[in-house]
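Okay, here's what each chain looks like letter by letter:
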Amino acid sequence: MSLFRVTGTEIKGIGAAVPNSAVSNRDYEFISQADRELLIRTTGIESRYIALNGQTTGDLCYTAAEKLIGELGWNRSEIDLLIFVSQSPDHFLPATSIILQDRLGLPKTTAAFDIMLGCSGYVYGLSVAASMMATGGFRRALLLAGDVSSAGVNVKDKSTYPLFGDCGTATALEYNRDYEMFFNLQSDGSGKDAIIIPDGGLRHPIDNDSLIEKEYEAGVIRHRRNLWLNGFDVFNFSVREGPPNITQLLTHFNLNIEETDLLVMHQANFLMNETIRKKLKYPAEKTPYTLKNFGNTSSASIPLTLNQALNGQTDGRKLLLASFGVGFSWGSCYLQTGSMICPAVSQI
Amino acid sequence: MDSLGTFITKLESELDTLEKGSLTPTVKYREIPNWSSMFALIIIAFCETEYSVTITGEDLRSCETVTDLYGLVVSRSK
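Taken in order, these protein sequences are the chains called A and B. The first sequence begins at 52 in this note's numbering and counts up by one. The second sequence begins at 447 in this note's numbering and counts up by one.
Hint data in this document are derived by calculation from the structure and do not stem from the laboratory. Warning: the hint list may mix true and false statements.
Computed spacing ranges between beta-carbons, pair by pair [claimed, not checked]:
| no. | chain 1 | residue 1 | chain 2 | residue 2 | range |
| --- | --- | --- | --- | --- | --- |
| 1 | B | S468 | A | K329 | 23 to 33 Å |
| 2 | B | G467 | A | G389 | 24 to 34 Å |
| 3 | B | S449 | A | L262 | 51 to 61 Å |
| 4 | B | E510 | A | S390 | 31 to 41 Å |
| 5 | B | E460 | A | F304 | 34 to 44 Å |
| 6 | B | T452 | A | E336 | 20 to 30 Å |
| 7 | A | Q299 | B | T500 | 11 to 21 Å |
| 8 | A | A269 | B | S468 | 41 to 51 Å |
| 9 | A | R92 | B | M447 | 36 to 46 Å |
| 10 | B | R476 | A | S261 | 27 to 37 Å |
Some chain B residues near chain A, calculated using beta-carbon distances under 10 Å [claimed, not checked]:
| no. | residue |
| --- | --- |
| 11 | S468 |
| 12 | I488 |
| 13 | I490 |
| 14 | E494 |
| 15 | T500 |
| 16 | E504 |
| 17 | S508 |
Built from N, CA and C at the ideal position, the CB exists for glycine as well.
Sequences and hints are given; from them, build the entire structure.
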């Protein structure tokens, strides 16, 4: 079991940045007007921000981090750790985290590395950062989580294109022995084909067939460098595995779900998230969403939703975070906040 | 477990683009006007939320009518 408690990390702030280019699903002319309305009602996604002109995940996270560091008034020389979580890095190599160490003006004493996870990435990244900080060897850390998923989807694939939005986030962490976090992490690689970009890695290098588009079903046209999504398998997985993971976390550490202030889930789609919420019998008013205006922002979705939901009311909140998706990979986290800064979302 | 009639009434309410009373036991749900995978996801979510029964995409492909679907849910309900 991957159930563990980590002492010594306080979240000091969460910022986010999106591209300055909103796309409305009401204008998605590839599908009929009736289908658009049903799509919006079912997924909860009305519009999304899409990267243009070569904007990268690193660019978005950089902007979010710059603003957050500035508003916190942090001395950059005290940032000892930078973790970048994404499945759409700026380069195959080197790691985007290392590029951002330099770009953000952090010292060479900063440890920097990438974690390649998507939907579940924020909870995993937080667990890694908190575990490292628990050693007492790191004063301050940046957890940068984001994705430019739009780069991987085909506009002629109605099962992916209208779902994803681009976003980069920055979470500021500080060593403080008064704070605890609790985690339950899981994985199941038998679900690897449910969300996959088939070609481009070493298993299936790009060849002459990689960019040939094929129609797999009505309204689903894509090639092998696009993101493939089996919505039914992802739905069944998330609803099957998400709730017991959370329940196990709470039971194991004797935590009371009724005392939590918010359940912040990975923003996959409204129908799926609501099914999970209802299975948990968790109050709707304590379950925030950012799907309507941002879509599914992959690894950025939990910090983005925290930024929006906590703004102005950060101190002493008991939070339940739940993430699930590509891999399959999933996990949950319980934590309590102190005083935090949540700057307005930047647009670049 | 609900009766077939109650099951249909609740399902019709979930698929709220349908005309009231249009969903009957013999309706082949994939022939519902404007049927799409979104309808399928709504049905899967409905069975999970209302009856704690997991229905897969494969299950929906193997069933034809609303009665078939009801039978599957009944067979899996605790």
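How the hints compare with the structure:
For S468(B) and K329(A), the hinted distance range of 23 to 33 Å is satisfied, since their beta carbons lie about 26 Å from each other. G467(B) and G389(A) have their C-beta atoms about 56 Å apart, which leaves the hinted 24 to 34 Å range violated. Between S449(B) and L262(A) the C-beta distance comes to about 53 Å, which sits within the given range of 51 to 61 Å. At roughly 59 Å, the beta carbons of E510(B) and S390(A) sit outside the given window of 31 to 41 Å.
Range check, E460(B) to F304(A): Cβ separation about 36 Å, and the 34 to 44 Å hint holds. With their beta carbons about 29 Å apart, T452(B) and E336(A) fall inside the hinted range of 20 to 30 Å. About 19 Å separates the C-beta atoms of Q299(A) and T500(B), a value consistent with the hinted range of 11 to 21 Å. For A269(A) and S468(B), the Cβ-Cβ distance of about 23 Å falls outside the hinted range of 41 to 51 Å, so the restraint is violated.
Under the hint 36 to 46 Å, the C-beta atoms of R92(A) and M447(B), about 28 Å apart, miss the expected range. As the Cβ distance of R476(B) to S261(A) is approximately 33 Å, the hint placing it in 27 to 37 Å holds. Hint status for S468(B) relative to chain A: violated, with the closest Cβ pair at about 15 Å, above 10 Å. The closest approach between the C-beta of I488(B) and any C-beta of chain A is roughly 6 Å, which is under the 10 Å cut-off, so the hint is satisfied.
The criterion of a C-beta within 10 Å of any C-beta in chain A is met by I490(B), whose closest approach is roughly 6 Å, and the hint holds. Checking E494(B) against chain A by beta carbon gives a least distance of about 5 Å; that is within 10 Å, so the hint holds. Against a cut-off of 10 Å between C-beta atoms, the interface hint on T500(B) holds, since the closest Cβ of chain A lies about 6 Å away. Below 10 Å, beta-carbon pairs count as interface contacts, and E504(B) has one with chain A at about 8 Å; its hint therefore holds.
The interface hint given for S508(B) is broken, as the beta carbon of that residue sits about 13 Å from the closest beta carbon of chain A, more than 10 Å.
Comparing the model with each earlier hint shows violations of hints 2, 4, 8, 9, 11, 17; every other hint is respected.
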